[in-house]
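Trainee: Fit chain P to the given chain Z structure using the hints.
Spelled out from the first residue to the last, the chains are:
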Amino acid sequence: MSDMFQDRANRVSRAKTVDSAAINKTETPIPDNMWEKCPSCTKIIYRVDLEDNMNVCTSCGYHFRLSAKERMEMTLDTDTFVELNSEIIGCDPLKFPGYKEKCEGLREKTGLQDAIITGVGEITGIKSVFGFMDSNFMMGSMGAAVGEKLAMAFEYATENRLPVIIFTVSGGARMQEGIVSLMQMAKVSGAVALHSRAGLLYITVLTDPTTGGVTASFAMQGDIIISEPAALIGFAGKRVIEQTIKQSLPEGFQTAEFLMQKGFVDNIIERKNMRKTLHGILHLHQGRKHQ
Amino acid sequence: MTTAWDRVLIARSILRPTSKFFIEQIFDGFIELKGDRNFADDAAIIGGIAWLGETAVTVIAEEKGADVPEKVARNFGCPHPEGYRKSLRLMEQAEKFNRPIICLVDTQGAYCGIGAEERGQGHAIATNLERMMTLTVPIISIVIGEGGSGGALALAVADRVAMLENAIYSILSPEGFSTILWKDSSRAQEAAEVMKITAKDLLDLGIIDDIIKEPAGGAQNGPELVAERIKTYLLKNFAELEKLDSKTLLEERYQKFRKMK
Numbered sequence: 001m002s003d004m005f006q007d008r009a010n011r012v013s014r015a016k017t018v019d020s021a022a023i024n025k026t027e028t029p030i031p032d033n034m035w036e037k038c039p040s041c042t043k044i045i046y047r048v049d050l051e052d053n054m055n056v057c058t059s060c061g062y063h064f065r066l067s068a069k070e071r072m073e074m075t076l077d078t079d080t081f082v083e084l085n086s087e088i089i090g091c092d093p094l095k096f097p098g099y100k101e102k103c104e105g106l107r108e109k110t111g112l113q114d115a116i117i118t119g120v121g122e123i124t125g126i127k128s129v130f131g132f133m134d135s136n137f138m139m140g141s142m143g144a145a146v147g148e149k150l151a152m153a154f155e156y157a158t159e160n161r162l163p164v165i166i167f168t169v170s171g172g173a174r175m176q177e178g179i180v181s182l183m184q185m186a187k188v189s190g191a192v193a194l195h196s197r198a199g200l201l202y203i204t205v206l207t208d209p210t211t212g213g214v215t216a217s218f219a220m221q222g223d224i225i226i227s228e229p230a231a232l233i234g235f236a237g238k239r240v241i242e243q244t245i246k247q248s249l250p251e252g253f254q255t256a257e258f259l260m261q262k263g264f265v266d267n268i269i270e271r272k273n274m275r276k277t278l279h280g281i282l283h284l285h286q287g288r289k290h291q
Numbered sequence: 001m002t003t004a005w006d007r008v009l010i011a012r013s014i015l016r017p018t019s020k021f022f023i024e025q026i027f028d029g030f031i032e033l034k035g036d037r038n039f040a041d042d043a044a045i046i047g048g049i050a051w052l053g054e055t056a057v058t059v060i061a062e063e064k065g066a067d068v069p070e071k072v073a074r075n076f077g078c079p080h081p082e083g084y085r086k087s088l089r090l091m092e093q094a095e096k097f098n099r100p101i102i103c104l105v106d107t108q109g110a111y112c113g114i115g116a117e118e119r120g121q122g123h124a125i126a127t128n129l130e131r132m133m134t135l136t137v138p139i140i141s142i143v144i145g146e147g148g149s150g151g152a153l154a155l156a157v158a159d160r161v162a163m164l165e166n167a168i169y170s171i172l173s174p175e176g177f178s179t180i181l182w183k184d185s186s187r188a189q190e191a192a193e194v195m196k197i198t199a200k201d202l203l204d205l206g207i208i209d210d211i212i213k214e215p216a217g218g219a220q221n222g223p224e225l226v227a228e229r230i231k232t233y234l235l236k237n238f239a240e241l242e243k244l245d246s247k248t249l250l251e252e253r254y255q256k257f258r259k260m261k
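Here the protein sequences line up with chains Z and P, keeping their order. Just so we're aligned, residue 1 is where the first sequence starts under this note's numbering, counting upward by one. Just so we're aligned, residue 1 is where the second sequence starts under this note's numbering, counting upward by one.
Just chain Z, with the same shape it has in the complex (with noise of 0.2 angstroms):
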C-alpha cells in the first residue's frame, strides 16, 4: 500500500516539475499533459488523479477512452500478455490517394501497427487470447489488418482450445479498403463460428463507441456480451438516421443502457470492476460440466 502512495507522490512530483518547466519555456500556463477536460461533465481533472482513477472522470464517472496499450495493461495480470501477429499490416486494394501514407504515419505516431493488437495472456490466471481495439488508429475502423488478426487470433484460440475476449472500439469498416473491408466482416464471423462450434467461450466488451460493421458482426457474436458504461454503441451513425427519417433522435439513444434496455448487452460493468467479472466469466467456465 505504501508503495502505491509513493508511486502517486513521485508522479505528482514528477508531474509538478513538467508543469514549472513548461510555465518558464512557454506561452501556456498549463501543459497540455497536467489536467484532462471531462467530455461529459466538462470538469478539469488533475491527470494523476485520472490515471489513478482507471480514466474515470473522479466527478461523473465517465469512462475516457483508452489505447490498447493501457487496456491491456490494466485488464491483464503483469507480464502475462504475448503479442500474436504483431507484424500484419494491411492492404490499399482501391489504391486509395494518401491510404498508404495516412498508414504509414498512424504507424509512427501510435506505435501500432493497425486498429487492433491481438494475444495472449491471462487475467487472475486464467489465460486466454485477447483483441484490444485502438480508436487512435483510423478511429479503430477495420480493414483486412484487423480482419486477418482477429480471424488469427479466433484460430489459434480454436486450436489451443481457449477462450476469447475482444474489446471492441470503432467507427465501423475501414472505407478506404472499399469491399475488402466488407469482407472482413464474413471473414471474422466464420472464424468466430467455429471457435463457437468447438465449445469455446467468447466475450465481447464493448466500449465508447462501437458501431457500424464491427457491431454488424463480431461485437454481437460473443456468448457474453457487456459493455462499459455510456458507450455508444450502434449500426448507424447518428447523423445518417436523421437524415433518413428526419427527425432527432431521443436522448440516450444508442448508449450501452439503452441497449441493455432492448436485451442486446448481457451488463454493463464499469472499468474498476472489469477484471474481477471477466475473471468470474472465465473461472466459472472451467467449473466442473454436466456430464
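Calculated directly from the structure, the hints in this document are not laboratory data. Everything hinted at is true.
Below 27 angstroms or equal to it, Euclidean Cα-Cα: the simulated DSSO-like pairs (lysine-lysine) are:
#, chain 1, residue 1, chain 2, residue 2
1, Z, Lys100, P, Lys200
2, P, Lys183, Z, Lys102
3, P, Lys200, P, Lys259
Mentor: Structure of chain P alone, referenced to chain Z:
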C-alpha cells in the same frame, strides 16, 4: 465504354427487373413464407420454398418493389432486423430439410432508423454472417441490382457469389463514400470509379465468383433472358456443390472468405 457510374444508374433504374420477377421466372410453385416468429414480417425481404427444376429449394430475396405504392410497402428494399431474422429462420429450415438456398441481393443497405436500432440491426446481421458460415446446405447468392454493405452481405455468405453484369456491390453508396472521405456528396460519380463496385472489378479482386451477362443497356432490355441465365447458373453450380460432402462444403466456404485480404 460503360463507366462504373453508368452501372450505378442501371442498377438503380426503376425499369430494372426486381426479385419478384426473377422468382416467378426461375422457380416453379413458389410458396411465400412470412415472418420472423418474433416481431413482424418484413416485406423488404421475400422468402419461401419452390422448385428449381427437380430440386426443392429455399429462396430468400431482397425486393425493392415495382411501383411507388409497392416500393413504400417494401421500404424500398431496405430490410429491418426482422427481415434478416426471417431469412435466418428460413435458412435454418432449409438446413433441416436439406434444401439448397438461393439468395437474391438487391438493397441500398439495411435500414437506418430508430426501430431498426432498437431491434438490433447490427445483431441481426452479425447472427446471419456467423450462422451462414455453418449451414450444411449449399448456398448461392446473386447480386441482381444493388449490393449495399452489411445489408447485402447478410444474404451473401455463400458457396458461390455471382453478380449480374450491371449490378454493384459496395461497402457504402458512392454518395456516402464521397461524403465521408471527401466531405462532398457531389463527388459520387468519382467515388463510384474509385471504389471498385462493378462486377468486373469484384471478379478481378476475387470477391465474387462469376458474372452473369445482361443484354446491351441492362437487364430491362431482356429480363426473361437474364432470368434464364440465372437459372442455368444455379442449376450448373448446385450440381457441382451437390457433389461435396457437408464438411468439405463448409471448409471451402470458410476458406473462400478467409483468403480475402
